[in-house]
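**Q** full-length UniProt numbering puts the first residue of the sequence shown at 1, with every later residue one more than the last.
This list has only true hints and no planted wrong ones.
Below, simulated PhoX-like cross-link-like pairs (lysine-lysine); rule was C-alpha separation at most 20 angstroms, straight line:
(1) K185 <-> K62
(2) K66 <-> K117
(3) K60 <-> K178
Hints were generated in silico from the structure; no laboratory data involved.
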Amino acid sequence: MLKMGVIRPSTSPYASPTVIVKKPDGSNRICIDYRKLNRVSVFDPEPMVKTDDVFRKLSKDKYFTKLDLSKGYWQIPVKKEDIPKTAFVTPDGHYEFIKMPFGMVNSGATLVRGLRKLFVNLKGVDNYIDDILVHTESWEEHVKMLTEVFSRLATAGLTVRPSKCRVGGTNVEFIGHKLYRGGIKPMDDNIEKIRAAPRPTNKTQVRSFIGLTSYYREYIPHYSTIASPLTDLTKKGEPKKVK
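Could you put the whole structure together from the sequences, leaning on the hints where they help?
**A** Here's what the structure looks like:
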């Protein structure tokens with residue numbers, strides 16, 4: 001991050017702690033614990049995009065492009081006067097963010113608002129956090145829309161990650177769903193994760209499993225009723241261990 005210009009050495013009176021989180025591949029990720037700072041921050045009410053609102057627009061569309069911002073949060077500069085507040089400590093020293101960090105209460109809202117303003121008045125362009133979806137009914141319209149999207153990204157100084165982008169296809173994977181001409185369905189890999197999930201043995205694992213399944217609740221009639229025996233296990237007063 002230091003070499004990338006995302007952080008710099010700090011002399012700020014702020015010093016949020018860091019936490020080491022194990023990634024799925026076994027490597028470590030350093031996360032900054034901004035909970036104390038978040039508690040005294042003014043909440044940004046910018047609404048997060050609802051997937052249902054996006055998917056309702058796709059009924060007639062035949063061509064799809066998914067663009068993934070390259071380290072999206074780190075492309076947003078922090079206001080000069082707010083940089084000291086982002087400071088954190090590690091065994092190697094005291095640093096602060098020049099670019100927007102993960103973990104702050106308003107980071108997601110800031111990115112969502114920025115992209116919403118960037119693509120204002122572009123019908124057929126939606127974003128979910130830093131994932132951008134371009135969807136059109138005709139190929140000619142798609143090419144025209146992509147030209148405008150890339151132009152606006154370039155003007156804003158934003159870059160995408162080519163390895164995560166899918167351009168001009170008749171189907172595309174987007175935020176856990178497969179989009180195709182005339183339909184939407186859950187991604188097979190995610191369905192398999194649900195099927196292969198181990199039986200929960202405590203409240204935390206129950207909540208995790210509910211979160212995994214509820215993402216696809218729109219595909220399951222009466223989901224709340226079906227899941228109620230599980231949600232009951234997470235209520236206050238219920239044993240921490242479950243059978």
